[in-house]
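Chains as they are written, first to last, in numbering that gives the first Met the number 0: chain A, 0 to 245; chain B, 0 to 160.
Do not take every clue at face value.
[Stated by the list, open to error] The list that follows gives simulated cross-link-like pairs (lysine-lysine, DSBU-like), each with its CA atoms no further than 35 angstroms apart:
| id | chain 1 | residue 1 | chain 2 | residue 2 |
| --- | --- | --- | --- | --- |
| 1 | A | Lys187 | B | Lys60 |
| 2 | A | Lys51 | A | Lys63 |
| 3 | B | Lys60 | A | Lys63 |
| 4 | A | Lys187 | A | Lys148 |
| 5 | B | Lys124 | A | Lys63 |
| 6 | B | Lys60 | A | Lys51 |
No lab work stands behind these hints, which were simulated from the structure alone.
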Amino acid sequence: MTHEEIRALIHPYVDGELDVANGREIEQHMRGCDDCRRLEQRVRTLRTTLRKSFPSYSAPTALKRSVRTTLRSEARPVRPFLSPWLLFVTGTACALLILAFAFFQNARATRDTLTDELVSNHIRSLLATHLVDVVSSDQHTVKPWFDGKIDFAPEVRDLSSAGFPLEGGRLDYLHGRTVVALVYRRNKHPINLFIEPTTTRDHTDPTTSTRRGYNLLHWTRNGMDFWAVSDLNAAELREFAAHFTS
Amino acid sequence: MPHLDAAFSLARFLMRNEEDARDVVQEAALRSFRFYGTFRGEKSRAWFLSIVRNVCFTALKRHRADETNVEFDEELHGAGGPAVDPGKEIDRELDRQTVRAAIEQLPPEFREVIILRELEECSYKEIADIAGVPIGTVMSRLARARQQLHQILCESYEREK
Chain A
0 MTHEEIRALI HPYVDGELDV ANGREIEQHM RGCDDCRRLE QRVRTLRTTL
50 RKSFPSYSAP TALKRSVRTT LRSEARPVRP FLSPWLLFVT GTACALLILA
100 FAFFQNARAT RDTLTDELVS NHIRSLLATH LVDVVSSDQH TVKPWFDGKI
150 DFAPEVRDLS SAGFPLEGGR LDYLHGRTVV ALVYRRNKHP INLFIEPTTT
200 RDHTDPTTST RRGYNLLHWT RNGMDFWAVS DLNAAELREF AAHFTS
Chain B
0 MPHLDAAFSL ARFLMRNEED ARDVVQEAAL RSFRFYGTFR GEKSRAWFLS
50 IVRNVCFTAL KRHRADETNV EFDEELHGAG GPAVDPGKEI DRELDRQTVR
100 AAIEQLPPEF REVIILRELE ECSYKEIADI AGVPIGTVMS RLARARQQLH
150 QILCESYERE K
């Protein structure tokens, strides 16, 4: 390296920014060069002078305080977006919505298959001579007949006075369990009334639905599910339900 | 809130008055917060100082445009004059006010490297990152800045005698 090149590296040399090889070359050169040695000494003296006089400023307390205040007020508007409460509430709401939707879908599917089954049972009971197991218009004959055959005591009422004479009763099979079927008749129209226990304690009013031309009526009372199925028109079937529940 | 002293010191020397320095630091803190969210990590000092420095130079440029409209010229400053004046040396300690005044007489670009190197003990690499210039420029600026500062200090030493 030339003298000028060496001189340019004196500052990084003093600042400890040179690698060992270059540093050694500088040192070697300075042994024979007064000019460079003087420059090196001057840089060192300057550094010492600056350090000893300690010219740095420190931040005023008021500034520290106002910066802190500014940053705090700046941080505030961000908070609502990251609020764990809001996240929790939104998340729960979404989960509930999905659950409700799934439940509704599931309930509707179950209800559809149950309705189909009810209608099938009604039709099957009319096809063979299997409409009734116990033939009687007397509710006091029909009701005891079920004793020991099922694990619940169904309500059996004779509605002859209202124009719905009791024909009898039988056991039937609905969505995997034994249920009671009471048979009534309105003129020529047989009515199958399926009865099974339910877990709900609510009383619901009869709701109508139609399947393959048959009318269905469903209500709940005294912990029992009632399904009336018939080819009778909906109005008269409602009349039947009204008499039965009165 | 770390690095506030270093930030204020740099701003105070660059702006040359306390009120402007306060404004600069306040502004820089706000900018860095908006950009980064908070101050973290080892590199945050260099990063925060670079913001302070940029806010300072933007303000200075505005002032400069108002007054002289002269841009800093790497070649102009430090060019000419004897490379080493053998007669003058600083041979005694100088008080804080004299040193501060001497630093303030340097052009801002020289002031910046002197403060970062001599007061904040930054490496050349850090200074290059903060000032946004190549390391070679840091090296030449520092050499010239030291030379000028030496001359100013010698002159004030002469005056005191």
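Q) Between A:Lys187 and A:Lys148, does the CA-CA distance stay at or below 35 angstroms? A) holds, 29 angstroms
Q.
For a C-alpha distance cap of 35 angstroms, please report whether B:Lys60 and A:Lys51 respect it.
A. Since the Cα atoms of B:Lys60 and A:Lys51 sit roughly 32 angstroms apart, the hinted pair holds (cutoff 35 angstroms).
**Q.** 35 angstroms limit on alpha-carbon distance, applied to hinted pair A:Lys51 and A:Lys63
**A.** Answer holds: A:Lys51 to A:Lys63 is near 26 angstroms, not above 35 angstroms.
Q. Within 35 angstroms, alpha carbon to alpha carbon, are B:Lys60 and A:Lys63?
A. Since the Cα atoms of B:Lys60 and A:Lys63 sit roughly 26 angstroms apart, the hinted pair holds (cutoff 35 angstroms).
(Q) Between the alpha carbons of B:Lys124 and A:Lys63, is the straight-line distance 35 angstroms or under? (A) holds, 29 angstroms
Q) Regarding the pair A:Lys187 and B:Lys60, is the alpha-carbon distance no greater than 35 angstroms? A) Measuring from Cα to Cα gives roughly 105 angstroms; hence the hint is violated.
This entry does not satisfy hint 1, going by the numbered hints stated previously; all others are met.
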